[in-house]
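There are 4 protein chains.
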Amino acid sequence: MLNTHIIGASGYTGAELAKMVHLHPHLKLAGLYVSANSLDANKPISELHGQLKGVVDLPLQPLCSPQDVAQAGDIVLLATAHEVSHDLAPIFLVRGCQVFDLSGAFRVQGDTFYTQYYGFEHQFPTWLEKAVYGLAEWNHDAIASAQLVAVPGCYPTASQLALKPLLESELLDTQQWPVINAVSGVSGAGRKASMTNSFCEVSLQAYGIFSHRHQPEIATHLGQQVIFTPHLGNFKRGILATITAKLVDGVTTEQVEAAMQAAYAADGDKHAVRLLGQQAAKLQSVVGTCFCDIGWQIQDRHIILTSAIDNLLKGASSQAMQCINIRNGFPQLTALV
Amino acid sequence: MLNTHIIGASGYTGAELAKMVHLHPHLKLAGLYVSANSLDANKPISELHGQLKGVVDLPLQPLCSPQDVAQAGDIVLLATAHEVSHDLAPIFLVRGCQVFDLSGAFRVQGDTFYTQYYGFEHQFPTWLEKAVYGLAEWNHDAIASAQLVAVPGCYPTASQLALKPLLESELLDTQQWPVINAVSGVSGAGRKASMTNSFCEVSLQAYGIFSHRHQPEIATHLGQQVIFTPHLGNFKRGILATITAKLVDGVTTEQVEAAMQAAYAADGDKHAVRLLGQQAAKLQSVVGTCFCDIGWQIQDRHIILTSAIDNLLKGASSQAMQCINIRNGFPQLTALV
Amino acid sequence: MLNTHIIGASGYTGAELAKMVHLHPHLKLAGLYVSANSLDANKPISELHGQLKGVVDLPLQPLCSPQDVAQAGDIVLLATAHEVSHDLAPIFLVRGCQVFDLSGAFRVQGDTFYTQYYGFEHQFPTWLEKAVYGLAEWNHDAIASAQLVAVPGCYPTASQLALKPLLESELLDTQQWPVINAVSGVSGAGRKASMTNSFCEVSLQAYGIFSHRHQPEIATHLGQQVIFTPHLGNFKRGILATITAKLVDGVTTEQVEAAMQAAYAADGDKHAVRLLGQQAAKLQSVVGTCFCDIGWQIQDRHIILTSAIDNLLKGASSQAMQCINIRNGFPQLTALV
Amino acid sequence: MLNTHIIGASGYTGAELAKMVHLHPHLKLAGLYVSANSLDANKPISELHGQLKGVVDLPLQPLCSPQDVAQAGDIVLLATAHEVSHDLAPIFLVRGCQVFDLSGAFRVQGDTFYTQYYGFEHQFPTWLEKAVYGLAEWNHDAIASAQLVAVPGCYPTASQLALKPLLESELLDTQQWPVINAVSGVSGAGRKASMTNSFCEVSLQAYGIFSHRHQPEIATHLGQQVIFTPHLGNFKRGILATITAKLVDGVTTEQVEAAMQAAYAADGDKHAVRLLGQQAAKLQSVVGTCFCDIGWQIQDRHIILTSAIDNLLKGASSQAMQCINIRNGFPQLTALV
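Residue numbers (UniProt numbering), protein chains in the order written: chain A, 1 to 337; chain B, 1 to 337; chain C, 1 to 337; chain D, 1 to 337.
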């Protein structure tokens with residue numbers, strides 16, 4: 001049993017992680033932590049997340065000494081704000097913990113990226129370089145030997161899983177940038193009081209047009225520029241990405257199908273992608289599951305892909321768990337289905 | 001044209017009032033105000049409430065001198081917090097304005113009521129005594145000559161409109177307290193950021209059990225104790241009250257029907273109640289309207305009443321407008337249908 | 001007062017029309033009709049649409065003799081199925097009625113269009129040719145003298161109002177087809193029982209990919225090919241279209257702004273478009289209103305437009321009413337704001 | 001491994017059962033069935049319930065010969081319509097299968113009950129008499145030796161679990177009937193196309209006032225008359241029951257607490273009830289779980305209880321699974337948490 005600590009356990013992602021670790025046959029849920037001055041400190045996690053009552057009732061401990069936590073831990077999950085992850089990760093890493101960071105703090109290399117998109121200067125270029133991007137279906141081998149895994153963002157997961165097979169097979173006309181329109185449930189904004197997330201204010205709308213930090217994350221890891229427009233939807237969980245792209249002249253439906261099959265062969269243990277063929281992905285089928293559903297249709301030289309995930313699961317916690325499983329030699333979907 | 005000012009115009013009720021006053025053929029929307037230190041000060045109201053864009057674009061002025069506003073106004077609508085209404089109303093009243101207060105500050109007389117239920121001591125017992133409770137269908141004549149109208153709360157409106165005809169006709173067995181279960185949309189909590197109102201946290205649940213301030217408001221104005229249990233529902237607008245009560249032995253369906261008809265005779269101009277008979281009230285029929293729908297069924301000595309309103313309209317702003325219309329001799333539903 | 005008949009009045013659009021005609025100072029709601037064998041025949045419309053109770057309680061008459069209705073009517077609104085409109089419209093037209101058809105039966109000319117997209121062969125090429133496309137902001141003069149107005153579809157209204165100013169000003173690089181992603185509320189599918197519209201089955205998903213009949217409607221009336229992907233959203237009313245397009249090299253933000261202002265000058269009586277500038281359109285601001293909100297942002301040579309309407313109002317009934325107003329010389333937004 | 005068949009597997013409850021049986025370490029999902037003439041026959045269950053794709057993809061077989069199914073089965077779950085369960089159960093029972101019926105066909109004894117409330121005459125009085133009511137927390141021993149278990153209805157489960165401890169401890173003043181107001185998600189009406197369940201028609205409303213068949217089910221098994229008013233809510237899953245009752249004179253909070261604790265001692269394996277004390281139950285905490293959350297508050301002689309379940313789980317499928325576990329000696333919450 002590997003001792004597993006969750007830092008930032010009061011949020012929606014933290015609650016999902018706590019349940020998964022609890023259910024995992026080879027992990028021991030060693031501790032849940034919140035920042036030392038959090039109002040939620042010392043409350044049982046089930047007081048914040050009532051669905052956990054009777055299942056996981058551990059207290060949310062104030063994180064006073066990350067060093068002590070590091071000593072007692074094999075695995076550390078960081079479900080913390082970007083700057084917090086940035087500051088904490090090295091403390092755990094130098095003490096030998098495996099670190100799975102769900103924030104954006106170690107996802108993208110590049111001199112100006114963090115200053116421009118996250119508003120802070122990155123202090124740990126060496127760790128940033130060593131970090132493995134945890135897109136489970138595509139970085140399996142690197143994850144298997146990583147000490148620091150940067151779990152991808154929710155939109156980037158849905159977007160890349162759909163586009164990568166086509167790019168890898170060189171089926172896309174890369175001159176015309178793919179257009180990614182995606183709608184996320186409100187939980188994507190985290191567990192907090194704000195006018196934007198207030199029940200009466202939420203209604204479908206685009207935000208972060210041309211400026212969302214997930215655009216460069218997607219473009220960097222795809223190696224392809226994209227136009228990415230996120231939207232807030234009036235539902236709690238889930239992301240649906242609808243992607244319009246141009247195919248290389250002469251590409252056939254069969255070639256697309258073959259590229260998808262090659263990427264996500266029907267081997268249940270290897271991944272969490274379900275191919276829908278001509279059917280369109282829908283939120284309801286993926287919410288509450290670890291899966292990414294992908295459908296596509298072609299007309300002339302255009303392809304429209306639909307890709308759906310649960311933003312808190314495949315877009316965050318269950319992908320982190322896939323990475324833990326890969327890293328430690330467990331079947332990839334352990335504790336997930 | 002009567003100059004009409006709305007104080008506390010940034011909230012959901014304020015926005016509804018602004019639109020109604022704008023549409024009213026005999027009222028002039030003279031000014032919109034927020035507290036002097038509000039972050040929304042000087043913004044056009046349509047920046048906060050996008051549906052008003054192009055319809056009402058007046059700025060939300062900081063309320064620096066209520067005295068000046070009073071001089072320039074015939075009618076003042078207070079859509080302010082209870083304590084704010086308590087403090088402001090006399091300033092407008094002594095300068096001769098008609099004041100329609102949508103808060104709870106002048107609704108209930110009694111030595112300990114405000115200390116116990118609102119957490120402040122009432123400083124204006126004379127005005128409190130002069131205030132007329134603005135339940136439009138029941139206090140018509142008093143409203144017609146009032147200077148200060150305390151517009152009823154949302155739950156009390158839905159509850160009393162259903163129960164009053166039966167109590168007035170002495171059809172209820174008053175030994176057994178009526179049980180009022182009511183569910184309100186989230187807008188009832190006002191326009192503000194809070195965890196409770198956060199989109200992902202809202203789900204059907206009771207609150208304020210045995211302790212909600214609307215219980216004594218209902219009991220006082222009915223002259224009958226009741227058990228009142230409010231609930232938060234996962235919708236933006238509307239209140240549905242389901243009321244279970246005991247009838248006096250021998251009361252017939254015909255007597256109940258007659259009491260309802262007597263109270264709300266089919267005279268469209270006189271009131272905003274629609275009788276549904278055996279049909280149950282449903283939210284969808286009243287949301288966006290000024291109406292209270294009431295249905296009822298009887299079995300043996302029990303009666304179950306359902307009563308539905310839009311909490312922001314009949315439960316607040318449209319009832320205030322009914323009171324303005326009554327007070328100034330306009331047809332009662334002017335600007336409302 | 002013009003006698004106005006609504007055919008197909010049992011649906012959501014019919015109910016909206018009934019209320020508007022009722023409120024209109026120059027129209028008389030002469031009759032509501034459903035098909036002769038409808039189960040709703042002879043019910044008051046307010047039995048189906050509870051919000052109308054006490055406002056419009058006219059019965060839904062079985063349409064036995066359209067000829068008789070035509071004799072008694074000045075204006076006929078067809079809120080009927082496509083084939084029904086196709087069959088009925090000429091009966092009213094030859095008897096001199098003004099006909100405003102909300103179906104797709106007279107929207108697009110072309111030999112194979114109706115066979116391919118609507119599954120029937122058009123029998124009235126002359127009327128089809130005479131029909132004026134009722135995009136109120138763009139076809140004002142033709143509507144003003146039309147006898148038959150084909151009120152545009154909901155998606156086409158949202159899409160064209162955003163794109164037309166750019167195309168007319170030749171700011172778009174038309175080589176790269178604009179990508180229109182739009183999400184509609186469930187009411188777009190009409191008032192009927194179906195698994196697809198069942199409460200528990202609805203969740204965000206694309207449909208009609210590369211095959212929706214609104215694609216050729218948009219392309220025809222824009223004179224520009226587009227990629228159009230409609231989605232079903234988990235809400236009752238509203239459409240949000242997010243449109244990604246490429247600008248001609250060198251086009252500036254100022255030019256786009258100027259094109260928008262030129263198209264929709266700030267003259268409240270002339271149209272129902274509200275320009276948001278850099279702000280993104282959101283559903284909540286338009287639902288329940290007659291307005292189309294349009295926002296846009298530019299980066300390099302890409303523009304992203306967001307366009308929001310109430311699908312039942314600007315996407316159907318209120319646009320029909322704009323056309324009636326234009327046709328009969330009333331201020332364009334009469335009965336609408 | 002016990003061979004387990006699910007009859008009526010196309011519905012929401014059937015899908016939940018399929019997943020549970022699939023996850024159960026001692027059950028083998030032997031077959032899924034729909035009626036022989038169902039349009040869904042031979043489709044994989046995951047075509048109807050997309051969340052099951054890759055998890056349970058078995059076909060929905062047409063049930064041509066229940067006799068053959070009985071031969072090959074140890075356990076049969078009937079997620080069928082009441083009449084269908086009534087007809088099928090004996091076929092499986094006489095062949096020695098354990099039958100867990102989720103319909104109402106075997107829940108209540110009494111000469112006129114089925115004629116009055118279900119519209120058919122019961123043909124199997126002997127089996128009706130032998131049937132054990134599967135309220136897992138209260139009928140443990142009888143369930144452990146039953147061949148036919150009638151799994152309780154959703155409303156009766158939420159209602160009885162809250163009231164039974166008080167009645168058993170004789171703390172309630174039984175002269176005054178408890179008032180049960182309950183709101184159910186739309187999935188309670190099953191997976192089918194209907195106007196009532198249509199997305200645009202759903203809004204909070206009471207139904208079945210004084211006439212719902214769950215009223216006598218509750219009253220019979222409680223041994224106490226109750227007033228029960230069900231409501232349809234605008235959400236997919238969950239039931240919240242708010243119950244108002246009168247206590248015997250002098251009953252203390254401590255006595256109520258003791259009665260609850262005695263009924264649901266903190267022994268995780270024995271039951272699926274979570275006691276919340278003074279806190280009110282909320283839907284969000286139970287949806288997706290097998291738990292019933294119960295809270296209560298007392299004032300003078302009144303008690304208000306709130307009780308929340310997932311209608312498809314504790315109100316149907318997970319309670320059936322509790323019964324299977326009890327009957328076969330497995331830990332009671334196997335496959336449930």
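Derived by calculation from the structure, the hints in this document are not laboratory data.
A couple of the hints might just be wrong.
Pairs involving identical chains hold if they fit within one copy or between any two copies, as the list cannot separate such chains.
Claimed, not checked - 27 angstroms max Cα-Cα, derived DSS-like pairs, lysine-lysine:
| no. | residue 1 | residue 2 |
| --- | --- | --- |
| 1 | 192 | 130 |
| 2 | 43 | 270 |
| 3 | 270 | 130 |
| 4 | 164 | 53 |
| 5 | 19 | 236 |
| 6 | 192 | 164 |
| 7 | 192 | 19 |
| 8 | 19 | 53 |
| 9 | 164 | 19 |
| 10 | 130 | 53 |
| 11 | 270 | 192 |
| 12 | 236 | 28 |
| 13 | 43 | 28 |
| 14 | 192 | 53 |
| 15 | 43 | 53 |
| 16 | 43 | 130 |
| 17 | 164 | 28 |
| 18 | 236 | 130 |
| 19 | 270 | 164 |
| 20 | 19 | 270 |
| 21 | 164 | 43 |
| 22 | 53 | 236 |
| 23 | 236 | 192 |
Quiz prompt | Hint numbers not upheld by this structure, sorted from lowest to highest | solution = The structure breaks hints 1, 6, 9, 10, 11, 12, 16, 17, 18 and 21; every other hint is satisfied.
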